[in-house]
Every structure is written in C-alpha cells, then in structure tokens.
Amino acid sequence: MGELGKKQELTSRQKEILSLLRKGLTNSEICFALNISANTVKVHLANIYRILEVTNRTEAVSTDMASDPQDEDKEEITLAICHNDDFQNAPLAHTLYLGVVQALQGCGVFQIKICGPNDDDRQCDYRIKLSTTQGENQALFLSLHKKDSEALLWSNLQKIQGNEDINLLTEQTALQLFRHIILAAANTYEVCPNSAPQWWYASCYTILKIEIRSKSDFEQGEKILQALLQGGKHTDFVAGALTATYYAAITENWVNGEEYIKKIGEIVSDAMRKNPSSVYALYSIALYNMLLGNNREAINYFELIMHSSSPIHAICRRMLSQVYSLTDQSEKAQLQLDEYNRVIPESMYQPFQILASAFIHFMHGEYEECQKISEQLLMFHPEIPYARLLTIACNYRAQNFDEYRKQSRMLFEYNPNFSSEDLHRFFDCFAPAQRGLIAEYLSDLFE
Numbered sequence: 001m002g003e004l005g006k007k008q009e010l011t012s013r014q015k016e017i018l019s020l021l022r023k024g025l026t027n028s029e030i031c032f033a034l035n036i037s038a039n040t041v042k043v044h045l046a047n048i049y050r051i052l053e054v055t056n057r058t059e060a061v062s063t064d065m066a067s068d069p070q071d072e073d074k075e076e077i078t079l080a081i082c083h084n085d086d087f088q089n090a091p092l093a094h095t096l097y098l099g100v101v102q103a104l105q106g107c108g109v110f111q112i113k114i115c116g117p118n119d120d121d122r123q124c125d126y127r128i129k130l131s132t133t134q135g136e137n138q139a140l141f142l143s144l145h146k147k148d149s150e151a152l153l154w155s156n157l158q159k160i161q162g163n164e165d166i167n168l169l170t171e172q173t174a175l176q177l178f179r180h181i182i183l184a185a186a187n188t189y190e191v192c193p194n195s196a197p198q199w200w201y202a203s204c205y206t207i208l209k210i211e212i213r214s215k216s217d218f219e220q221g222e223k224i225l226q227a228l229l230q231g232g233k234h235t236d237f238v239a240g241a242l243t244a245t246y247y248a249a250i251t252e253n254w255v256n257g258e259e260y261i262k263k264i265g266e267i268v269s270d271a272m273r274k275n276p277s278s279v280y281a282l283y284s285i286a287l288y289n290m291l292l293g294n295n296r297e298a299i300n301y302f303e304l305i306m307h308s309s310s311p312i313h314a315i316c317r318r319m320l321s322q323v324y325s326l327t328d329q330s331e332k333a334q335l336q337l338d339e340y341n342r343v344i345p346e347s348m349y350q351p352f353q354i355l356a357s358a359f360i361h362f363m364h365g366e367y368e369e370c371q372k373i374s375e376q377l378l379m380f381h382p383e384i385p386y387a388r389l390l391t392i393a394c395n396y397r398a399q400n401f402d403e404y405r406k407q408s409r410m411l412f413e414y415n416p417n418f419s420s421e422d423l424h425r426f427f428d429c430f431a432p433a434q435r436g437l438i439a440e441y442l443s444d445l446f447e
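Counting in our numbering, the sequence shown runs from 1 upward without gaps.
To be clear, the hints were calculated from the coordinates, so they are not data collected in a lab. Take these hints with a grain of salt, some might be off.
As a list, the in silico DSBU-like pairs of lysine-lysine whose alpha-carbon atoms are at most 30 Å apart [claimed, not checked]:
#, residue 1, residue 2
1, LYS147, LYS159
2, LYS233, LYS209
3, LYS209, LYS372
4, LYS113, LYS74
5, LYS263, LYS209
6, LYS215, LYS406
7, LYS223, LYS159
8, LYS74, LYS274
9, LYS74, LYS223
10, LYS274, LYS223
11, LYS274, LYS262
12, LYS274, LYS113
13, LYS263, LYS274
14, LYS159, LYS209
15, LYS223, LYS233
All chains should be built: construct the whole structure from the sequences, respecting the hints.
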C-alpha cells in the first residue's frame, strides 16, 4: 500500500517544461528552447497535469512543487561515454576516443561511466555517444546529449588523417565537449535555478555571464559564488570561477583592485589547503600572482596546468602568452599564442580573449594587426576601454592624428568616468620596457 499510495514525481524534463511555463513561454517557444517537437511538448504537458492533479497550464504554474529530496542531496555530475564496440577496424579513432576520455577525466568534475551498446545510461547527467565510420578513412563521430533527452547539444565528425593528428584533435574535441556541457549547464540553471548540484549549475551560469563583461552580471555572479563557496564538494571549481570573476572585475575597473586582490588571496589560500593539485586551484593562484605582479610565479603555475590533461590548459595558453610577453620572453609568448589560435575554434573566442591577442600583437610590435583586432572588437563592444586605448595608440604611432582625436573622443563618450588612474592601470598591462612607449603614444589623452 505504501508504494501504491506514493505520489509520482516529475522527471527532470517535466520540471524543465514546468519552469518554462512559469516564465510564460508558449508551446512553440518551449519546442524551440528544448529542441523537441510540438507533439512531445503536448505529451509532457498532459503527464505534468496528471501528476500535479491539475487540468490546465494556469493551475500547473501556480502549483508549489517541492524539490526532489534526492536531487537536493546530489553532489556529483555523471557523464556517460557510450560507444558501439566497433573500434577494432579503426585504431586511430580508438586512440582519439581514449585521449578524449582521459581529458574529460582531467576536468576533475565528472564521474565518468563507460557504456557499451546495451548498457543503461539514463541515470547520467550527460551522454556522449561515439561511433566510427566505415571505409578507408578513419573518423570518430561524437554527439552530446542531456539525460532523458535525445536532443543534440553538440555533434561533430572528427576526421583523422594519421597519428600526428591525434594530440590536436584530442585537445580540440575535449575542449569543445567541455564547453558545450558548460553551456547546457548554464541554460539548465537559467531555466531552473534550484537544479542540483548547485556548485555545478550555478558556477557554469556565472562563468558564461562574466564572459559578457557586464557589471550587473558580475554583481549577481559574486553573490551566487560566494554562497556556494561556504561548503559542499568541488569548492575548487567554485573558487576558480569566483577568482576569474574577480579578475575580470579588477581588470574592468569595476571594483577596488587592492580590496579584491586581498579577497582572491583568501580564496586561493583556502583552495590550495583543500586541494592543491586541482587545476582550478592552480589557475586561481596563477591569476592571483598575475595581479600581484609576480609574473615568474604565475608562469610556474600556468606551466603546471599545461602538463595536465584538462581542457582548461588550452585557455591557459592565452594567459601564459601574456605573462611571457610581460617578462620579455617574446618567442615563448608567440609560440603559446600560435598554439592557442591553432587549438581554439573561432566560435569559442570571447571578447576578452580577442583583446588579449591584441595586447600581445602590440607587445610584439605588430601594430597593424593589433589595430585591426581592436577595431573589430570595438564594432561590437564599443564600451571596452582597453581596446579603444590600443586603437588610439596605434593611430598615434602611424601619425593618423585625425583618427587619433576621433578615437580619443569616443573613449570618453563610452567611458565618461575614465581617469588618469585608469590609464596607469592600463600601462601596468605592458612589460616595463614598453610602458614608456605606450605612455608616449597616449601622453595627450587628458590635455
């Protein structure tokens, strides 16, 4: 009788749809948001009404649904990697598959389950399906899905020409899988902020939000991550997200730099005590040392991450290139930048990553390339002061004084509170030998 009388719970997909209903979305909008058919939405709605014991959507959205106690206690993210056992005729695809598994394990956030064609993978949060192609040319087809859904989050056919391609393809594939899982997690949090485990969904949401470089998103993300840092598992991942958020806020001059560097120091100290081998703890302390001006120490920590299999080490190439430039190691800086550009798909470039490339080109004396990148960035983000300053400096150097004056006016139009103190922070982004040069190019800015 106890089992018969137990009230049925909504599935994770049904909870997603109910959350979208509460946001006021129509059936067609839910189809688009979740990439499912109109008939599937109708079936889910009928089941939701039955389980909630209501007759229409108005009654459904007003129902107070308690969270599933099992969901509230959930602390791990599970990832199923499913293959069809056809690797025996595709040794290169098998090597790529093993490399991707190792890289995803190196993320340090997933419990990975390797599944065969007949294994049940429905309890996993995310599923990666793998298959090889038939014929002479070897390739590995990958598709990424959320649990309880056949809807695609991402798919790709990786063609493999030879053993020399494996390392690059492994890095690119793992990086894109990790990125699309984070995108899906952020979307889940936006639809249902109570999704468990909170450390995962909320952190991914703030990671993506801070990429937009919005002060309001920073303030919201800071509150979310500070609360998550108080306890639970994977606080190193949360600490890495919060450190990156503070780093962005400091470089954008939204906060008191000295105060927030001190906050990062406290976060880093705790993260290193709890899990010193974590790539996220190492990333946090590398950023902390950059902010302190301890560039040699930052290089040491970034290089440690480079020896890991985690996809995060690809992102660290850009930071490492920047620090090498600051320490007059231009050849190493160029090598890291070239490798970064080789590995990172253009679709994954973010404005601040593009800006970092512009900085590096300026430091290498590649002024035309620096100006080109900065101007492209300003077309979509005219409010970014450092991109504007690089454009101003490049025009001054080229003696394009009409454009120099135009860009100087636009700097203050989009950043009316920009001060000489902000300008000196900008100078600190350059190697000591180059600060005099950039200061000369911008010497008339406040006259």
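- Query: Which of the listed hints are broken here?
  - Reply: Violated: hints 7 and 14.
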